[in-house]
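*Asks:* In order, the protein sequences belong to chains A and B.
The opening residue of the first sequence carries number 1 in our numbering; numbering runs sequentially from there.
The opening residue of the second sequence carries number 1 in our numbering; numbering runs sequentially from there.
Please keep in mind that the hints were generated in silico from the structure rather than gathered at the bench.
Mixed in with the good hints, there may be bad ones.
Claimed, not checked - Residues of chain A clear of chain B, computed beta-carbon distances all greater than 10 Å: (1) Ser-18; (2) Ile-44; (3) Leu-47; (4) Thr-60; (5) Glu-83; (6) Gly-92; (7) Ala-95; (8) Arg-144; (9) Arg-169; (10) Asp-172; (11) Phe-175; (12) Asp-189.
Said to hold, decoys possible - If you want the footprint, here are the derived chain A segments under chain B, 3+ residues with CB under 8 Å: (13) 23–37; (14) 104–111; (15) 120–127; (16) 131–139.
Backbone N, C-alpha and C fix where the C-beta goes; we use that ideal spot for every residue, glycine too.
Each chain is listed here by its residues.
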Amino acid sequence: MRCPVTLLDEPSRSDALSELVNIGMGRAGDALARLFNTFIQLSIPRLEFVEPARVSALITALVGTAGPVIAVRQAFSSRIRGEAIAIFPAAGCNALADLVGYSDVSSDELLLEISNILVGACVGALASQFSLALSFSPPSILARAPVAELFETGQLPWKRALVAEVNFRVDDHAFCCHLLTFWPDSSIDVLIRAVDAFLAQLQG
Amino acid sequence: MDTATTTLDHLNAGVFSVSAELLVVHWNLFMASHSGKSADEVVGRDLFSCFPELPAPWLRWKLRSVFLLGTFAFSSWKQRPYVFRFPHNRPLTGGIDFMYQDLAFLPVTASNGTIGSVCVLVTDATDAALSQRALHDAHHRLESEMAERRRIEDELQIAHKVESVGQLAAGIAHEINTPIQYVADSVSFIGEAFAEMRCIVQTYRQALYDGTHRMALEHNADLAYLEQNVPAAVDRALMGLDRVATLVRAMKEFGRPSLAEKSFADLNRAVTTTLTVAHSEYTDVADIELDLGEVPEVACHIAELNQVFLQLVVNAAHAIADVHASPARGVIRIRTWCDTEAVFISVADNGGGIPAPIRSRIFDPFFTTKPVGRGTGQGLTVARSIIVDRHAGSLTFDTTTGLGTTFLVRLPR
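Bound conformation, chain A alone:
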C-alpha cells in the first residue's frame, strides 16, 4: 500500500492507518459474503492523496480504464465527512441480479442497491475502526460517462483529498467494481486525530 505523503513523517501513524483500513475492508468482505452467500474477493486497499487537477488521471489509473463507466456516489458524515464513489463497468451490475433476494428490480435500482451495500459495509467498517458513528445519505447515480468526464475538476470545492480504493470481484460472476472513498482536506485532520487516538489506546 502506498502511504499518504503527510503521514510518511510519522511511520507509526501511516502504518496504523493502513492496518485499520485493511482490517475494516476485511470485515466488510466477510459481512458481504454472508449477505450475498458467496465469496467476495477484495483487493488490498490503496491510499493516495490527490488534487482536483489530477483526480481523473488517478481514477483512470486505479480503475484501469479511461472508457465509459457508471459511477454512483454516496455521502457519509459524522466528525469526518466524505463521499464514496462506486465505479461499475458500462454494462452495469445486472450480472449480480441473482444475488439480491428479489426479482422485480430495474438496472438503476440494482446499481444503487449494490453501491449502498458496498459503501455501507466498507466505509461503515472503516469508521467503526475509528469509533466513529457515520450517517449516510441516499446514493445517486453520478454519471454514465468516460472516467475523465466524471468530475468537472474546475468546480471541486477542495484542494486535496485522501482516496482509499478497493475493488471487488464476486466468485462465479463476471463482475468487478471499484469503490473509491474520498476524504476532502477538511476531514483529513480529523482522520489523523482518530488514528492518533487509536495509537494512544494501543500504547495505553
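Mind docking chain B on chain A? Use the hints.
*Replies:* Frame of chain A, contents of chain B only:
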C-alpha cells in the same frame, strides 16, 4: 407515553421499526393515519401479515441487509414509487395513484452491541415527484419542438436551394443558348464550305482526267475566303462547346448534394464556379474584379457555401442594378485571404448601401426589400445559418449609404 414517542408521533413522516423477527416494534401516528391501522393493531405483529400488499422479497432483503451489515439502506420513489399503498395528498387535484415515498432504513443498536431493530423512515415525496415529472414532460416537449425546428430549418434550406437553382435556370438557359447559337452557325458555315470544297475537288479530278484548265472555278468558289474562315469557324464552334461544357460542369458542381460530413474544399474554386453559374445574374449590370489569394482548403459543406456565395453575388448585382441605370455598370469585388485561424471571403458592391433603419433586420427570416418574385427574404437568413450554425464561422457586413456594401464571410481553418 415518553417524550421521544410523542415527538415521533408529531413528525410529518412515517416512522416505524421492526425486530429481527420482523415484528413491528414501533408505529407512529403518521403510519397509523395513512395506513388506517393503529399502533395497537400492528405493534407486536408480523409486518407482512399486517400488510400483505407489501413487496415482501424486496423488503425482506432490505431489512436483512441492514441487520447483517449494520448500515443504512435506502429506497427512492424514482426506482420504486411507493412501498406502502398510502393515499396521496391530492384528493382534490388528483393525477396520481398513491403517495410517492422515499424510505430510509436505519440500524438501531441494542445494549449488547448487536442490531436490535431496524427503524424505517417513510417520507412523502409526492410533490417532488410531480415537480420532476412536470419538468421531465416539459423537457421532453422542448426536445420535440427543437427537433421539429431543426427539421423545418433543414427543409427551409433545401427549399431555398431549389429556389436559387430555379431563379438561375432562365439565366443558365440563356448562357447555354448563346454559344449553342454560334456553334450552330459555325457548323452550318463549315457544312456549306465543305460542299463547295467537295465540288472543287470533283472539278480538279475531272481536269486531271481530260487535261482542261479550270482555274475560273476556284475564283467562283472563293477558295481563299474558305481557307481563311473555315478554321475560324471551327475555333468558334470549339469555343462555344467549351463554354457550354464549363457551364454544365459548374452547374453540376454547384448543385452537388450536401453531404452529412464535412470535406476539404478549395474556396477559390467555389467562388469561380459560383460566378460561372451566376453569370447571367450580374453580366448586364456589373463587372467582376477578382482578387483570389492563396488560401488553404477548408473542411466544409461546399455545396452549402456555394449557395452562400451565390446569394451574396446576386444581392450585390441587385444592389447595383437598383442605382446604376443602364448602360452604366457597377463593380462587384470578390476577395479571398487568410490568417492563421481563418479564411475570409468578401463580396463588395458599389450599389446604394443598406439603409440604416433596416440594417438590424437583414438577417431576419422573411425580411426582404425586393419586389415579389425577386426574393423571398430567406437568402441571408439561410446564408447566416450555413456560416454560423454549420461552420462555426461568421457573416458580417459593412455598409455606407451611397457607396455600397461589403459582406464578409469568416470560416475557421
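*Asks:* Tell me the hint numbers this structure goes against, listed in increasing order.
*Replies:* none
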